[in-house]
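> If you're matching them up, the sequences are chains A, B and C in order. At position 306 of the first sequence (counting the first as 1) the number is 469 in our numbering, and the numbers step up by one without a gap. At position 420 of the second sequence (counting the first as 1) the number is 524 in our numbering, and the numbers step up by one without a gap. At position 294 of the third sequence (counting the first as 1) the number is 437 in our numbering, and the numbers step up by one without a gap.
To be clear, the hints were calculated from the coordinates, so they are not data collected in a lab. One or more hints might be untrue.
What the hints assert, rightly or not - To list a few chain B residues with every Cβ distance to chain A over 10 Å, as calculated:
#1 E280
#2 Y492
#3 K543
To be verified - Straight-line C-alpha distance at most 27 Å; calculated DSS-like pairs for lysine-lysine:
#4 K164(B) - K474(A)
#5 K667(A) - K361(C)
#6 K138(B) - K547(A)
Just so you know, even glycine gets a beta-carbon here, dropped at the ideal spot from N, CA and C.
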Amino acid sequence: MTEEKKIKVRNFHQAKWDEPIIFELSVEGERGIRIPEVEKDIEDLIVEGLSVLPENIKRNKAPALPEISQMRVLKHFLRLSQHCLGADFNVDIGQGTCTMKYSPKINEVLVRMPEVTELHPWQDESTVQGALEIVYKVDTFLREISGLDQFTFQPGGGSAAILAMASIIHAFHETNGEADQRDEIITTIFSHPSDAAAAAVKGYKLITLYQNEDGLPDVEALQKAVSERTAGLLITNPEDTGIFNPKIDEFTKIVHQAGGLCGYDQANANGILGVTRARDADFDLCFFNLHKTFSSPHGCGGPAVGALGVKERLKDYLPVPIVEYKEDKYSLKYDLPNSIGKVRAFLGVFPVILKAYAWIMTLGAEGLKEVAHIAVLNNNYVLKKIRELKGASAPYAVGRHRIEQVRYSWEKLTEETGVTSEDVIYRMADFGFHLWTSHHPFVVPEPFSIEPTESYSKEELDEYVAGLEKIVEEAYENPEKVKNAPYNSVVHRIDHSTLDDPEKWAITWRAYLKKHGKDPAEK
Amino acid sequence: MKLILKEERRFEMSQKDKRVHPYIPNSVPETKAKMMEEIGIKDIEELYTDIPEHLRFKGKLNLPEALSSEYALKRHVESILSKNQSCKDHLNFLGGGCWQHYVPAICDEINQRSEFLTAYGGEPYEDHGRFQALFEYESLMAELLDMDVVNVPTYDWCQAASTTVRMAGRITGRQEVLVSDTVSPERLSAIRNYCHPVMRVKMLKHCPETGVLDLDDLKIKISSETAGIYFENPSFMGFIEHQGEVVSNIAHENGALSLVGVDPVSLGVILPPGNYGADIVCGDIQGLGVHMNFGGGLGGFIATRDEERYVMEYPSRLFGITKTSVEGEYGFGDVAYERTSFAEREEGKEFVGTHAALWGITAAVYLSLMGPRGMQELGKTIMQKSQYTMLKLSEIQGIKVPHFTGPHFKEFVVDFNGTRKKVKDINKALLSKKIYGGKDLSSEFSELGESALYCVTEIHSKEDLDSLTRALSEVVSPNRKY
Amino acid sequence: MKKLGLIVNPIAGMGGRVGLKGTDGPEIFERALQLGAKPVAQARTIEALKAITPIKEAITLVTCPHKMGEDAAIHSGFKPQIINGKCISESSTDARDTRKAAKVMREMGVAMLLFAGGDGTARDIHKAIGNSLVVLGIPTGVKIQSAVFARNPSAAGELCALYLQRKAKKVHEAEVMDINEEDFRKGILSARLYGYLKIPYRSRYVQRVKSGSPPDEKYAQEAIAAAIIESMSDAIIYIVGPGTTTRTIMEKLNLDYSLLGIDIVHKKKLVGKDLSEAEILKEIQGKKCKLIITPVGGQGYLLGRGNQQLSPEVIARVGKDNIIIVATQNKIHSLKGQPLLVDTGDKKTDQHLSGYSKVIIGYRDSIIYRVKH
């Protein structure tokens with residue numbers, strides 16, 4: 164089927180400033196900013212403020228920070244920003260599981276208001292009723308979306324939310340005197356790796372279910388894993404493959420029967436808003452990433468919020484505080500009798516919660532459903548096109564639709580041309596695109612993961628696929644070209660071997676200078 | 105007749121239009137239809153056939169009606185936010201893990217850039233800038249901390265402290281950590297949850313007069329089971345732990361690690377913990393150019409020496425610098441870690457995910473602007489202003505400040521026991537004067553009675569501090585009735 | 144300058160395409176030619192060498208004359224050093240040539256030996272020089288059972304180049320399987336564990352380490368061993384199958400063990416070494432026992448390749464619930480999602496063992512994985 168408009172692949176080149184490391188810009192004597200002065204009266208009275216410090220704790224040698232004037236600092240970081248391809252700049256559908264959707268700029272305006280930025284978390288409650296109202300309302304929205312009974316926004320990200328879930332599960336069993344006996348958590352290989360890793364922090368042994376021929380975890384496998392040692396199930400659904408497990412409620416049933424609790428990793432919720440809920444599958448706990456499904460921007464890796472929800476019977480275990488609404492007032496509740504305590508300071512990353520609030524308010528129930536529908540439509544549209552690409556495949560669920568993302572494979576391409584998934588990713592950078600492989604381990608060989616979300620137009624989706632198509636063409640005709648990419652990016656092929664070697668790795672500039680003696684940019 | 109038709113058409117259009125959302129390009133019915141046709145479906149529902157009926161949510165989610173325009177959204181949210189009274193028009197003396205420092209304009213300029221704001225996990229090619237910015241963050245912090253390895257930021261100090269303790273457990277193979285009882289209650293709570301049930305937390309007493317660690321108690325409690333000793337310096341309550349070196353020595357003599365939490369704002373004038381024997385240093389970067397954000401501006405750091413056995417235990421990402429295929433170019437990447445031998449009882453290296461990278465980049469900008477002299481001057485300014493405040497407040501009858509004797513940095517405990525008034529009431533009274541008084545410590549640190557934690561930074565002018573003095577004088581005066 | 148040895152078995156891989164299995168022996172080779180088979184070894188070797196050409200100035204390629212390596216090397220732009228032509232027969236080549244070449248190259252001090260062939264070639268190399276060199280196989284044969292091969296010729300070349308540049312430094316042992324080719328052609332697959340060769344490996348480097356990289360092979364094996372040992376009871380007899388992962392258990396217990404056979408441990412002491420089926424049955428008669436096995440070879444066989452002493456009888460005596468399966472994550476992932484396989488020779492036993500089984504992959508971690516027959 165041919166398009167009326169032939170989609171062009173861009174003649175892209177990323178900005179390339181060859182910008183040195185900040186320390187290399189230092190000129191003795193330069194100042195970037197001056198700080199508030201101490202008033203003369205105070206100087207006269209206190210004289211030498213540092214004299215109260217005992218000698219052994221005084222810092223006599225100034226920290227070796229660079230000395231740079233203000234404009235040069237600005238220029239430096241602005242140039243670095245141009246060396247960065249934010250979602251706002253590209254068709255960012257190639258970061259599967261990350262939900263790189265549009266982060267509305269109006270929300271950025273709202274969080275920059277002093278009524279947000281200049282609030283201290285311990286101010287008297289009467290002075291932050293607006294903030295508490297926002298938090299409370301998002302709590303109620305998420306209760307509706309998940310079907311669960313109480314949310315906390317304290318975890319600073321999805322993985323932290325999983326830790327909180329594992330902590331609550333542990334505390335619950337402890338209350339029943341079964342914590343020692345129940346020392347196993349069950350998860351699946353296509354769930355997020357943190358489902359296992361965070362549970363391990365709480366001392367749990369992990370049993371990971373591998374997939375069946377359909378790419379799904381099997382009830383039979385689960386039955387093999389449950390026992391009287393089962394503390395709970397932590398599972399992502401739909402999994403990273405984008406396939407929804409239709410037997411998910413059978414899973415929770417089996418685990419409940421064994422006496423365990425069930426935690427739902429709903430970081431991949433973008434395709435199921437208003438379609439299916441945690442409660443319907445009988446989960447006891449679930450979490451959403453406000454910086455994914457709910458549009459708060461990713462910020463290069465945070466700040467973020469993993470909003471954690473629980474059924475009524477687990478409310479007393481939540482980290483404190485939570486927000487309550489009584490008699491027309493919002494307040495912070497600290498006295499939850501079985502609380503796990505804290506997973507993060509204060510009550511959460513308020514700006515992120517506010518952005519989620521604004522996003523939900525601007526969409527409403529109909530809008531959220533549309534988000535889910537279009538995200539899934541976009542994903543299946545791209546799926547069809549990629550299946551038509553030579554060398555690419557979408558393992559599992561053959562002939563069936565996916566939810567919000569797909570884990571694809573370049574296995575055939577690699578076999579036939581020697582070009583690997585990694586090579587394709589680097590070549591995509593030449594067109595101004597990101598592409599991601601997969602979480603570890605690579606169960607799907609030569610993987611690549613695409614999650615379109617609802618934010619990109621049909622034309623943009625076509626543009627992205629056209630990029631992949633071009634690279635596939637190149638792989639078959641001239642694989643060396645792909646294997647030596649990127650050419651139009653900020654730098655060329657990076658030598659990663661030193662990063663594995665304790666004698667060579669350099670995590671800071673000073674370490675680099677110590678080990679290698681000179682500027683890496685010097686010839 | 106014509107008029108009615110026009111009306112109808114307009115109505116028709118606006119109905120159609122309502123289905124199209126500015127954030128969802130393909131919600132345009134024609135586009136949707138075209139795409140559905142291309143993939144061979146007639147109804148979106150067909151895409152959900154994998155989800156069985158009994159798991160389907162029926163009906164409509166009970167959420168507020170959508171705000172139809174961006175203008176409506178702005179007005180709506182602004183009206184809610186206007187119920188907040190910020191530290192812009194109130195004098196704020198609250199600290200305790202979130203502090204009001206000056207945020208240079210360039211910090212906000214950079215962290216608002218879409219390139220950084222909306223980037224995430226691209227490769228060190230097209231996202232080279234993100235790697236370089238965070239590598240520079242690590243490097244600048246390294247100079248402030250005088251240590252060679254610093255991680256990409258984690259959630260906050262609570263997480264950094266928790267991971268620090270678990271790292272000590274893994275490195276030493278031991279299961280107990282000794283924690284000073286003057287650390288932040290929030291951090292203690294997080295450490296407890298993070299350790300349980302794999303590691304045990306034992307508390308260390310402090311000297312009631314000075315607040316510093318009770319060395320005798322330490323010597324009794326330390327054993328061959330101790331993985332590390334965690335204390336904070338400056339303490340949560342602001343006093344300076346001057347015995348750092350002694351504590352580190354005791355730790356090392358017993359095969360344990362010295363673990364210190366520090367506010368990096370203090371490091372322009374106070375010796376970094378690595379210089380008095382700390383093996384793992386942690387803390388928060390919020391004071392380095394990030395707005396308070398109601399507690400949302402936090403970012404945790406962990407620093408160690410550049411030794412394999414430490415580096416291998418970080419759960420966080422560590423960005424390193426390296427070469428590329430082109431001479432003269434440098435590139436970045438994750439410093440990967442592979443263990444070479446297994447030790448009994450070892451568990452995984454925790455987890456890593458989305459943490460607080462944008463604040464890390466912000467801190468990099470801040471430290472680049474401040475430079476060595478900026479940080480020195482900042483420390484000095486804070487010392488002078490806080491000492492001035494303590495001096496003035498101590499002139500008020502009934503107030504003992506600072507409660508602990510000895511030098512303090514930025515924060516100090518104001519002891520109100522002599523006024524016979526409750527901190528709760530004092531703060532309410534201050535509130536009516538548009539002042540946020542220090543955090544009430546009476547419930548968490550009951551041995552201090554009616555005491556509050558006050559924080560003075562470079563943003564407080566002499567006028568501000570004199571206002572506080574005047575206000576408190578009035579509020580605690582015996583003549584004042586409640 | 145580093146030396147890279149290259150040995151090509153020019154006739155390997157020919158049988159498969161024309162329905163024969165393997166090409167051991169000149170008569171079979173003739174038959175294959177008659178059936179129209181074309182030698183694929185050259186093309187595969189050239190594909191592998193492509194990945195090494197970028198460093199060709201930095202190494203010396205040492206190889207055998209003509210079709211055993213010289214042709215492919217020159218075609219790929221190398222200026223190879225050819226080993227003494229006199230010891231290699233010139234016209235047709237056979238296993239003896241492979242063995243001679245391997246010995247000569249070891250004497251010359253090659254850093255690594257790259258070879259193109261199948262299970263037979265791997266076996267020949269092992270016969271000649273044992274486990275003394277780091278080797279890597281370019282797969283050209285049919286359904287290769289040994290685990291010493293890269294997944295495809297390009298990967299072989301890439302890994303070889305990385306190893307030579309010291310960018311991939313890790314080396315681990317992998318099984319060499321001895322297929323009885325006669326039986327194979329009759330449709331009976333009986334493979335024996337022949338030995339181990341050291342091959343370089345590199346857990347796939349992923350930039351975006353969102354969750355930490357999988358553990359190093361050695362680390363994983365030690366973790367598994369620790370878990371098994373901790374769970375051992377004095378009241379139980381443990382039958383230990385062959386493999387590098389099970390071997391680590393024996394090493395951690397400071398026990399002697401057989402490299403290729405079945406050993407028995409009781410009360411943490413070695414009770415029997417390299418036992419036959421009969422000896423095993425005798426030892427476990429009337430006693431509580433458990434069987435510790437790990438997949439052997441490159442195809443994921445738990446039973447039936449290299450541990451035939453674990454007969455259906457032994458399995459029945461032990462009982463399915465007393466079988467402990469161990470494997471490192473790297474091993475599991477080399478299966479690329481394919482199930483673990485059992486082929487005891489008895490269909491009923493195989494069926495009984497199929498389904499989902501627990502596999503211990505670490506100190507605290509296990510997985511539930513599919514087992515098929």
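> Decide, hint by hint, whether the structure agrees.
Evaluation of the provided hints:
1. The non-interface label for E280(B) is consistent with chain A: the shortest C-beta to C-beta separation is roughly 15 Å, beyond 10 Å.
2. With a minimum CB-CB distance of about 5 Å to chain A, Y492(B) fails to clear the 10 Å threshold, and the non-interface call is violated.
3. Some Cβ of chain A comes within 10 Å of the Cβ of K543(B); the nearest lies about 5 Å off, and the non-interface call is violated.
4. Restraint check: the Cα-Cα separation between K164(B) and K474(A) comes to about 21 Å, which is no more than 27 Å; the hinted pair holds.
5. Under the criterion of a C-alpha separation no larger than 27 Å, the hint pairing K667(A) with K361(C) is consistent with the structure, at around 22 Å.
6. Taking the CA atoms of K138(B) and K547(A), the gap is near 14 Å; set against the 27 Å cutoff, the hint holds.
Of the numbered hints given earlier, the model fails hints 2 and 3; all others are met.
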